[in-house]
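Visitor: Protein sequence lines correspond, in order, to chains A and B. Everything in the first sequence is counted per the working numbering, starting at 1 for the first residue and increasing by one. Everything in the second sequence is counted per the working numbering, starting at 317 for the first residue and increasing by one.
Every clue listed holds true.
Chain A is faced by these chain B residues, among others (derived, beta-carbon under 10 Å): (1) Arg366; (2) Met370; (3) Ala450; (4) Arg476; (5) Thr477; (6) Leu479; (7) Tyr481; (8) Val497; (9) Arg498; (10) Leu508; (11) Arg509; (12) Ile512; (13) Glu513.
Ranges of calculated distance between the beta carbons of each label pair, as one might list FRET restraints: (14) Glu350/B - Gly246/A: 42 to 48 Å; (15) Asp491/B - His5/A: 17 to 23 Å; (16) Pro516/B - Ile17/A: 33 to 39 Å; (17) Glu338/B - Glu22/A: 33 to 39 Å; (18) Thr261/A - Tyr468/B: 45 to 51 Å.
Since the hints were made in silico from the structure, they are not lab data. From the three backbone atoms N, C-alpha and C, an ideal C-beta is built for every residue, glycine too.
Residues per chain are reported as follows:
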Amino acid sequence: MIDIHPEDLLDREREGILTPEERAYLEAHLERCAACRIERLLARECALERALIDEVAERQQEPEPCLERSPPRAPQSARRARRLVPRAGIVVGALLLAGGAAALGGVPWQAPARVPVTIPPDVSASSASKTPVHRTRPNGIRQLPSASSAPAGEAASAAPAGEVPSASAAPAGEVPSAAVPPRVSPRPSKAHPTAASLFSDAAAARRDGDYERSLALYERLIERYPSSVEAATARAVRARLLLDLGRARAAERGFREAAATAGPLSEVALVGQAQALRRAGKLDAERAVWRDLLRRFPDSPQAAVARARLAELGAD
Amino acid sequence: MSHSPLQPELDADPVHRPEQAEWLRLVAAARSGEPGALGELLEVVRPAVRRTAMMVLGRHHADAEDATQQALIAFVGALPRFRGECHPAGYASRIALRIALATRRRSMRELKQGQKLAEGETPALSPSPSELSAAARRREVLRALLDELPDYLADTLALRTLLGYSLQEVARITDAPVNTVRSRMRLAKEALRRRIEEDPRLRLELGVEHD
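Take the sequences, apply the hints, and build the full model.
Guide: Okay, structure coming up:
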């Protein structure tokens, strides 16, 4: 019996940490709960939209995104695998799924202009009503809030309530005078990340909906530390992410690779592989995977699922 | 220093992301006026702010960048009140959310006045519903609902669905217990479901007709 709220299960699904039992429970719940179904669908679509927004911003700011720098002596197989998750993929996917409206609707796609960081000379509430003189980064190209925008005072009042009793801003002395223009910190070099740090970063990107980056980081982890514990998990999580992104074939390859790796995740990987094959319409292959699961894990909780699905598929 | 369950990975960029201790130090430095610290902090929160504005208003909305700027300014103004219970990007996101929702409502009012629309008719901020993909239509329904929900429900729904924060993260950002966030989310989701059911096309696409 699963004693977790569906909302929490959706969070766990997003983090890729659902157990097979939890997944079965969640899927059963979603079958009968339209509200949760809508939430999951919208959350996925919004994640793609956010990825697109970040992607566009990043491309405008960084001519050479660091993730695309090939690590030294990357094996050819890894480079082939890397191509499975091209950076453009998420953009195309997002355009098709989320932002395709513009193209379909005849609205010209327009990359959002670069957003400069602009600091008011004085951020106190008393100064908010004054005509602001703003400092813009040298590479920033735009003006400050137009007349149509809310006044600075209104903006300042939008701060979340509950942080302090008073809604008024702090005295000017409490915050910097902003006489120093904002500086862009150089991106720190991560020449020698550990398996744990790569795994952590990939999980963080996934939680943030930055799926393409997450996939790239998992790739890097698997490539650099193929026999690590983190890599074993990363193979299954990466494949699940691919499946959730609708890339059934790549997901199936990923699950197959994960299932071939001895470990406690083999069973989960087999389930994922079967689901990916089903998604790809390869029913014979799906049937074979379910049978393989039954052979290797006859007492698994997934065995019942496998038998039910095999019955549904019928004899080959 | 208490550990916040709201992980620093709220910021989009894991490479650029400072660890929790570092961002707390950065916030303190920015508050104390240490040269460059405020700019560095703004660089940390800027992606989340921009993302929030664009998610609420739409990527093509003319005021999305203004809203981003407004939110960054408001974030600086609200920094003294930041208690460090969540990542500053989460804090900035909520500020940006409020500003973007206000901007959206103002745009709707202005458009409505300009277009002299009949009562109840929705002005077009973006391509008409028939021109939108199913995903974009659903997002537009979500945004329209945010305009109408009370702030506490709109914040919860937007933070979780539009911006992708987990229940725990939303609880930290909104300074509410997780159970409260969960129940707010259910109320908001039900409102969303009813709204989608009103649209036969969306209903069909989502398969909610039998529920």
